[in-house]
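Enquirer: Here's the letter readout for the chains.
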Amino acid sequence: MFPFAFEWVWDISHLVFMGGLWYALSIIGAGMTYCIIKSLIDTVADEAGEGGHGHH
Amino acid sequence: MTTPAIPEGVKRCPTRQFTLWLAVVGAVLLWGVYAMFLIWYKGLNQTGMNDAYGFALWIWADLAVIALGGGAFFSGFLTYIIGKKELKSIINYAVIIGFICYSSALLILALDIGQPLRGWFIFWHANVHSMLTEVAFCLSCYFAVLTIEFIPLVLENPKLDRIPFLHHLSHNMHEVMAVFAATGVFLSFFHQGSLGGVAGVLYARPFAYREGLLIWPWTFFLFTWSAAAVGPCFTMLVTWLTEKITQKRLVRPEAFQLLAKISGWMLLTYMIAKIADTWYWAAVTAPSKGFSLMDFYSNNPVYGIWILIAELVICGIVPALILITRKGRENKRLLVTAAILAVLGVCINRWVMVLQVMAAPLLPFQDWYMYIPTWQEVATTILPVAYGAILISLAYRYLPVFPHEKELNPGQ
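Taken in sequence, the protein lines are chains A and B.
Here this note's numbering is used: the first residue of the first sequence is 1, the next is one more, and so on.
Here this note's numbering is used: the first residue of the second sequence is 57, the next is one more, and so on.
It should be emphasised that the hints constitute simulated quantities derived from the structure, not laboratory data.
Keep in mind it's a predicted model, so treat the numbers as computed, not measured.
You may find that some hints are simply not true.
Said to hold, decoys possible - Here are the computed lysine-lysine pairs in the DSSO-like style, where the Cα-Cα straight-line distance is at most 27 Å:
id : chain 1 : residue 1 : chain 2 : residue 2
1  : A       : K38       : B       : K215
2  : B       : K215      : B       : K98
3  : B       : K144      : A       : K38
4  : B       : K383      : B       : K317
Whenever a hint applies, use it, and build me the whole structure from the sequences.
Expert: Below you can see the structure in the form of structure tokens.
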């Protein structure tokens, strides 16, 4: 539920519940976005012969 | 045998034997899938649930697998946040077991809500006063975290690892895994707790109702605590079973020992808190509602005082004492017995907090209300076990789940 949904009420319950959900989703989304973008950059760098990561 | 898809340096059974095993477990899975489609097609009239039993076998199974899957978040917490490096030997397997448990829980919920196509309502039309909303939020998010923790392992399959982007993705996900693990711990704390909170806030059901701290009944904390204590026991148990089936050593002994020790102390402290909670409930809370302890354990064919003794003593104190002593931990038979008892204990606890709550009479003229699940409920509850066996088999065969397998089995 977003604040623009008709059921939304600006009270502490909505802020805590929905805020917690979006906070967790943001961390997960940002983490995965970082990994994907960094992997793309690493792959392009490898292909360009600029080195890259070894096996971990 | 070895093929390009099987991790380097390890041996696996022939493809024919593996296919036969998958066919046997797959037959059980299909039985569950058939029951699942009956339920979705014909509705919840296929179950033994009714107005008295809105929560039944499925919710017990849900609560039990979520508690047993707690090994993933607690092992992740110990490995990535506390820095217990010994657990690297078992963390991959803990994640897979957690993934199976949580995906099973979501599957069971998809059945239980009756109308899975409306499952998204809980996110969009959220009831922000419900602990179950918090459970749904945290469960879904934590399943996403477990999937993220599982992906790097899948990408380490020899064939996938040859693709440069996937190789880098796996590496980069490992690099930031602590962030995901911390998010998982945060989410797990709240959904494990809220599952207990659901029972504890039922003030009209004195068998479940508990007092607590601010808005959280004591059951909130007890559920989280018990999941953290018993989850690792389940991880150890499944690992031991895998070792027996494959006839190999898969995990370093020090990983087992450390996990058993931590689990033992967690279980012992949990049992002290649980016994204190039970005593206060029996002596103060229940009498204040007009009930005595034995009102909840008599005049019915199933729920005698034995269930309380089984949960607290036989499947609680006994395994805790085995696990906290070095001699107990170092004796494999005792260790496995303790793990089995602890797992049974948490399953009994969840059963009691779901089904005995529903069975116990509320008013003087009411009788105990017993419930018998239908075969469709039983089949769909067994379905996740078959699904878990298949996923574990595939993961063990094709992924480098156990980083020390080669070193522990030099004769291969």
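Enquirer: Each hint needs a verdict: does it hold in this structure or not?
Expert: Outcome of the hint check:
no.: 1; hint: A:K38 <-> B:K215; verdict: 22 Å, holds
no.: 2; hint: B:K215 <-> B:K98; verdict: 43 Å, violated
no.: 3; hint: B:K144 <-> A:K38; verdict: 25 Å, holds
no.: 4; hint: B:K383 <-> B:K317; verdict: 11 Å, holds
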